[in-house]
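Could you build all of it, start to finish, from the sequences and the hints given here?
Here the protein sequences line up with chains A, B, C and D, keeping their order. Per our numbering: the first sequence = residues 1 to 364. Per our numbering: the second sequence = residues 1 to 364. Per our numbering: the third sequence = residues 1 to 326. Per our numbering: the fourth sequence = residues 1 to 326.
Be aware that a few hints might be false.
Stated by the list, open to error - Taking CB as the label site, the calculated pair distances span:
#: 1; chain 1: A; residue 1: R316; chain 2: B; residue 2: A146; range: 56 to 62 Å
#: 2; chain 1: B; residue 1: F352; chain 2: C; residue 2: S231; range: 21 to 27 Å
#: 3; chain 1: D; residue 1: R253; chain 2: C; residue 2: S231; range: 31 to 37 Å
As the list claims (entries may be wrong) - A few chain B positions that, by computed beta-carbon distances, are all more than 12 Å from chain C:
#: 4; residue: A49
#: 5; residue: V175
#: 6; residue: A304
#: 7; residue: G363
To be verified - Which residues of chain A face chain B? A few of them, derived with a C-beta cut under 7 Å, are:
#: 8; residue: S167
#: 9; residue: E168
#: 10; residue: Q205
Rather than coming from a laboratory, the hints here were simulated on the basis of the structure. Note that CB positions come from ideal geometry on N, CA and C, so glycine has one too.
If you want the building blocks of each chain, they are given just below.
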Amino acid sequence: MTETGLIQLLTPEGERVDNPAYPLDEAADIKGMYRDMVLVRRIDTEAIALQRHGELGLWASLLGQEAAQIGSGRALTPKDMAFPSYREHGVAWCRGLDPLRLLELFRGVSNGSWDPEEHKFHLYTIVIGDQTLHATGYAMGIQRDAAEDEAVIVYFGDGATSQGDVSEAFAWASVFNAPVVFFCQNNQWAISAPQDRQSRVPLYQRASGFGFPGVRVDGNDVLACHAVTRRALQAAREGQGPTLIEAYTYRMGAHTTTDDPTRYRLASDVEVWRLRDPIERVRSYLARSGQADSTFFAAIDAEANELGERIREGCRTLPDPAPLELFDHVYAGGSAILDDERERYAAYLESFEQTDTALEEAGL
Amino acid sequence: MTETGLIQLLTPEGERVDNPAYPLDEAADIKGMYRDMVLVRRIDTEAIALQRHGELGLWASLLGQEAAQIGSGRALTPKDMAFPSYREHGVAWCRGLDPLRLLELFRGVSNGSWDPEEHKFHLYTIVIGDQTLHATGYAMGIQRDAAEDEAVIVYFGDGATSQGDVSEAFAWASVFNAPVVFFCQNNQWAISAPQDRQSRVPLYQRASGFGFPGVRVDGNDVLACHAVTRRALQAAREGQGPTLIEAYTYRMGAHTTTDDPTRYRLASDVEVWRLRDPIERVRSYLARSGQADSTFFAAIDAEANELGERIREGCRTLPDPAPLELFDHVYAGGSAILDDERERYAAYLESFEQTDTALEEAGL
Amino acid sequence: MSKLTLSKALNEGLRRALEADPKVMIMGEDVGKLGGVFRVTDGLQKDFGEHRVVDTPLAESGIIGTAIGLALRGYRPVCEIQFDGFVFPATDQIISQLAKMRYRSRGKISLPVVIRIPCGGGIGAVEHHSESPEAYFTHAAGLRVVACADAADAYSMIQLAIASDDPVIFFEPKRRYWDKGEVDTTAPLDSAQPLDRARVVLAGTDVTLLSYGPLVRTCVEAAMAVARERSVEVIDLRSLSPLDMATIGESVRRTGRCVVAHEAPVYSGLGAEIAARVTEACFYHLEAPVLRVGGFATPYPPSRLEEHYLPDLDRILDGVDRAFSY
Amino acid sequence: MSKLTLSKALNEGLRRALEADPKVMIMGEDVGKLGGVFRVTDGLQKDFGEHRVVDTPLAESGIIGTAIGLALRGYRPVCEIQFDGFVFPATDQIISQLAKMRYRSRGKISLPVVIRIPCGGGIGAVEHHSESPEAYFTHAAGLRVVACADAADAYSMIQLAIASDDPVIFFEPKRRYWDKGEVDTTAPLDSAQPLDRARVVLAGTDVTLLSYGPLVRTCVEAAMAVARERSVEVIDLRSLSPLDMATIGESVRRTGRCVVAHEAPVYSGLGAEIAARVTEACFYHLEAPVLRVGGFATPYPPSRLEEHYLPDLDRILDGVDRAFSY
Ligand SMILES: Cc1ncc(C[n+]2csc(CCOP(=O)(O)OP(=O)(O)O)c2C)c(N)n1
Ligand SMILES: Cc1ncc(C[n+]2csc(CCOP(=O)(O)OP(=O)(O)O)c2C)c(N)n1
Ligand SMILES: [Mg+2]
Ligand SMILES: [Mg+2]
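In structure tokens form, the structure reads like this:
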């Protein structure tokens with residue numbers, strides 16, 4: 001698989017390159033993006049550490065994918081709706097979600113307790129590919145509402161492109177010309193499966209067979225990701241239908257904290273990609289172009305430290321749900337069957353408490 | 001949707017046109033193909049009539065698709081394996097299947113009682129798209145057997161292309177470079193859904209996004225269908241992997257005998273396609289080029305009459321399965337649960353017979 | 001009051017729902033221009049437009065997946081699965097997404113999606129067109145699973161299903177589509193029997209006969225056929241998940257005998273849940289085990305054998321007789 | 001005899017099967033180079049090559065659909081579904097194709113496909129990684145559904161499943177993968193207990209406790225905990241479809257009481273079938289209704305609540321106690 005045709009606005013060395021089709025947004029807040037990337041990387045680092053300390057059941061690291069997520073996430077307007085997979089902590093950040101909401105999920109305290117409409121950020125979806133259809137349906141709703149200033153973006157991985165649902169979403173979005181941007185982070189791995197297990201041609205080409213444009217962007221270039229996503233969203237809002245964006249990047253870490261990537265890939269391959277670090281290149285660019293100095297960078301590092309502390313503290317004190325919450329929110333309209341189970345279980349729990357009290361009272 | 005790029009070797013008027021990429025197979029038995037088409041059309045006509053007379057529960061007509069089926073079916077070698085959908089009566093014919101085996105299915109006497117390996121023709125598959133994965137798996141088996149003279153062809157419709165399974169089959173066949181030819185009969189309708197409900201670009205283009213070639217052929221041109229399929233099968237056998245063939249044709253009849261197409265399409269649209277009849281054009285060509293005369297045509301018509309009679313007779317005398325056959329062939333290894341059900345039901349049936357006998361003996 | 005077929009009653013119910021709430025949508029294969037292969041949606045696209053009555057691409061997972069997205073956007077999609085046997089490609093979207101979303105989101109998300117499924121056999125159809133897949137869905141918490149049995153009930157049940165904020169799997173007995181019944185299309189919806197309640201169709205004292213969907217009529221016919229010897233109480237369950245145990249338990253405690261009939265295979269079918277639950281709830285009242293009459297542990301057979309596969313009046317009565325043999 | 005973990009026992013069983021028959025194949029996500037996320041297929045690709053141990057694209061329907069095709073070609077594919085919650089995209093291929101093919105073809109086609117599914121909760125996992133979907137498959141005639149509970153049985157059961165000419169859904173209790181047990185890898189396969197037979201794990205006289213998969217060990221622990229007061233017979237069902245009613249019935253007729261425990265929701269779960277069938281078969285012997293202990297009628301909860309959701313020793317004993325309260 002070649003890397004030709006990759007849209008790039010910032011080289012790995014941090015040099016600005018021009019692409020006439022994707023002029024840099026004058027208003028693009030590059031320093032802000034830098035800050036975002038540093039902060040979400042810190043969230044990631046902390047979460048991995050928390051998992052190691054037994055505070056989280058699992059964590060899916062975004063390491064290496066900060067540019068793809070912040071670049072695209074920052075391209076969204078407050079009205080746009082985003083459908084994440086399970087690794088989009090950077091996009092969540094852009095949508096104003098408190099990282100603790102994500103930690104709750106990986107801690108096992110909830111399955112996603114934020115309000116998707118409030119943040120315009122749907123729940124994480126773990127079943128690979130399912131959310132692409134939800135996003136397409138949501139976009140069909142936008143069409144019905146004739147809401148011309150809204151679009152949808154949906155995130156998924158290279159592995160997901162093999163799932164039938166993702167192809168169905170492509171077909172539907174194309175046929176109905178739905179305002180949805182398919183944002184595929186090709187991090188080159190689906191757990192241990194390399195990208196060529198999903199396709200023998202570059203993934204962005206998948207779109208053309210369904211009748212809509214596909215583009216491949218340097219997923220480690222936050223400016224390019226931003227520009228490409230902005231344009232695709234704008235096209236969607238203007239009634240030009242879907243676009244597939246393949247953000248070509250690399251999963252620098254393990255698939256999740258339970259994975260051991262040394263079993264299936266070489267450290268030297270990872271090293272190659274370390275030289276293309278998405279944060280480093282922005283830092284060099286900002287420094288070299290004089291847009292930021294060491295005070296700026298130091299301030300952000302300090303902010304990251306604070307954030308890290310808040311996360312560590314916050315995570316440890318996340319309360320466990322009460323046992324009987326188990327039975328809540330299954331049906332809007334209630335269920336006598338479930339009520340019965342709840343009642344019985346409550347009585348069962350109480351029987352222990354009674355025993356405990358009795359034992360206590362007996363001084364045992 | 002345009003019809004450009006359509007591969008054609010015989011115009012609707014029956015004139016031979018050359019296509020350098022698809023030279024006509026010198027050995028191609030055009031008269032044989034004509035005969036096949038006439039005979040399978042007769043099978044179709046008879047089956048529709050049998051359904052009208054209550055002898056069949058249903059029939060799915062192939063009217064208009066004879067060239068696509070005979071052209072491709074005749075391109076198969078005896079070793080190639082074919083996976084049909086539910087309308088491939090013409091392909092079944094080419095695989096040497098007695099049409100009565102198909103009628104059994106539509107009569108409700110069996111769900112497919114032929115031996116797929118004997119005929120190298122799998123059972124009909126009614127769930128849209130499922131068989132594309134079976135075909136791909138079978139082709140992966142051929143690779144494992146290193147059977148270089150075998151390939152697989154799988155039939156499906158324009159509607160099927162929207163099913164996730166079909167896209168999954170495309171992805172798998174491409175990634176594993178499996179020797180399978182995807183033969184899509186785009187008859188422009190999926191019951192009442194026109195082709196543009198499935199795609200906004202020509203369907204053959206779907207393949208390129210998955211990394212393998214797609215070609216569109218005049219599905220009413222038996223020579224072109226033959227040549228294009230032959231080449232794709234050959235490529236598959238030679239290790240060049242899958243091809244998608246879109247045979248652009250038209251469903252001249254109702255979707256099935258229970259369908260009423262006047263509810264969703266204009267008679268005038270159908271008329272346009274009547275002028276492109278797949279049989280007529282071969283007949284003109286054979287006649288005009290002097291390859292066949294009226295004796296030949298009359299002989300085939302007579303053969304068709306005979307076949308028709310055999311089918312009418314044969315269908316009416318197809319025996320119903322015995323009640324207890326209900327319980328056969330569920331498990332190779334048997335099941336005590338099912339044995340119990342069989343026994344009980346046998347006793348239950350017998351209780352009626354006993355009552356009947358008792359009544360009879362009592363002279364009632 | 002007007003005499004409508006079950007199919008037409010559903011059609012009228014859908015029309016009402018479309019009129020009452022602009023967020024209600026209909027989607028599925030061939031539901032628009034054709035009006036559905038059973039004509040249940042006949043004329044609705046013409047009257048409500050292509051944005052509200054959507055002919056979809058041929059993809060069941062796509063239908064349910066996009067319906068979920070539309071529901072997230074505030075719509076109330078009513079999806080049609082063309083035949084029972086074609087719901088399976090949508091299983092993942094139904095079980096992993098649709099059923100669970102409210103729970104996952106701690107009640108922040110409602111997915112008022114209705115999935116209409118013509119179900120059952122007896123029409124001489126080819127494979128995959130005669131199945132009764134309800135038990136696959138009753139096991140999935142978060143879904144309501146209901147079945148209508150006659151025109152009058154179908155008319156209100158479909159509206160109640162659409163009005164419900166829970167996802168509803170709505171089974172329609174396809175061989176009863178052309179059965180006619182009196183339907184009061186003027187009655188207000190809130191006078192209708194709630195969606196989660198069973199209905200005593202025929203009162204009786206000796207044995208409780210439970211069924212739903214296509215077999216309710218067969219059960220009533222069976223009960224009438226033996227009315228002189230036995231008093232059979234016939235209950236139409238209507239709600240298959242959750243079950244209305246109050247109504248069922250009251251009846252069985254009175255009669256002491258219970259038979260469940262459904263077309264689906266008995267093995268691991270819904271009758272199992274009913275039998276287990278009724279036995280636990282009515283243990284001291286039962287004179288006989290709860291007996292099940294249903295399909296065999298085989299795939300649905302070729303249609304020339306379906307008369308043997310499907311419980312008919314005689315097999316149901318055989319079940320009733322067996323309940324008295326204890 | 002060697003002491004192996006359940007995961008390793010499966011690995012050895014698979015290796016045996018690969019050695020014994022060149023048509024046996026393994027396929028699934030991450031089963032090759034990685035050796036599976038639970039390492040059940042560890043080392044097999046290295047030893048048997050990429051043609052026999054196939055890392056597939058990420059598509060469950062694709063895995064089962066192509067396995068069917070390979071089986072049609074004479075192969076015996078052993079598919080891995082990575083986690084219980086990810087089997088649903090393959091439902092259509094499993095239920096409409098895999099289960100029915102023998103029946104449809106009047107016995108001309110065999111599809112010896114095994115689908116391995118790590119199942120159940122208790123490992124603190126995120127959503128969709130802790131489910132017990134067995135009841136969705138026991139309702140589908142044509143499938144064998146089995147569950148292994150310990151290392152020794154796992155070793156032979158996986159080989160028997162592969163040798164079976166029927167398609168087999170093979171559940172593996174993921175939280176028991178690292179439990180060790182003595183495994184006799186030298187014993188010939190035909191000395192192993194047949195795939196469709198239940199196994200009395202602990203003999204007893206007062207009550208029959210039925211379970212399978214992850215809870216078998218919990219049931220044994222429960223039985224031992226009360227051994228001084230009650231004699232509990234624990235049966236590992238092994239085969240969930242078809243059920244071994246001979247073994248179960250014999251036990252319940254002896255004890256007069258029966259409790260079934262599984263992790264899946266009780267509602268419409270496999271326990272329902274067992275309860276209904278046992279009640280019918282042992283009606284006059286039962287002192288109490290067959291009681292079910294299992295998951296609640298909710299989706300699987302966030303992991304911090306799973307200790308409440310999953311039946312543990314105490315809840316199982318509570319069920320046993322209730323059986324004695326009648
Ligand atoms: C339907 C389904 N099958 C399997 C899994 C298990 N699984 C979780 S992540 C993953 C790989 C996903 O790869 P990709 O789509 O590239 O996303 P990435 O993890 O690289 O971000 C797999 C197989 C799943 N979550 N859902
Ligand atoms: C999964 C599934 N969904 C729905 C159906 C009902 N159905 C039968 S044929 C058909 C249309 C198929 O169209 P196409 O693929 O173009 O094939 P054609 O009938 O035109 O040959 C539909 C929707 C089905 N058989 N399977
Ligand atoms: Mg990836
Ligand atoms: Mg078609």
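Consistency of the hints with the structure:
no., hint, verdict
1, A/R316 / B/A146: 56 to 62 Å, "59 Å, holds"
2, B/F352 / C/S231: 21 to 27 Å, "25 Å, holds"
3, D/R253 / C/S231: 31 to 37 Å, "33 Å, holds"
4, A49, "18 Å, holds"
5, V175, "21 Å, holds"
6, A304, "26 Å, holds"
7, G363, "24 Å, holds"
8, S167, "3 Å, holds"
9, E168, "5 Å, holds"
10, Q205, "5 Å, holds"
Every hint from the earlier list agrees with this structure, and none is contradicted.
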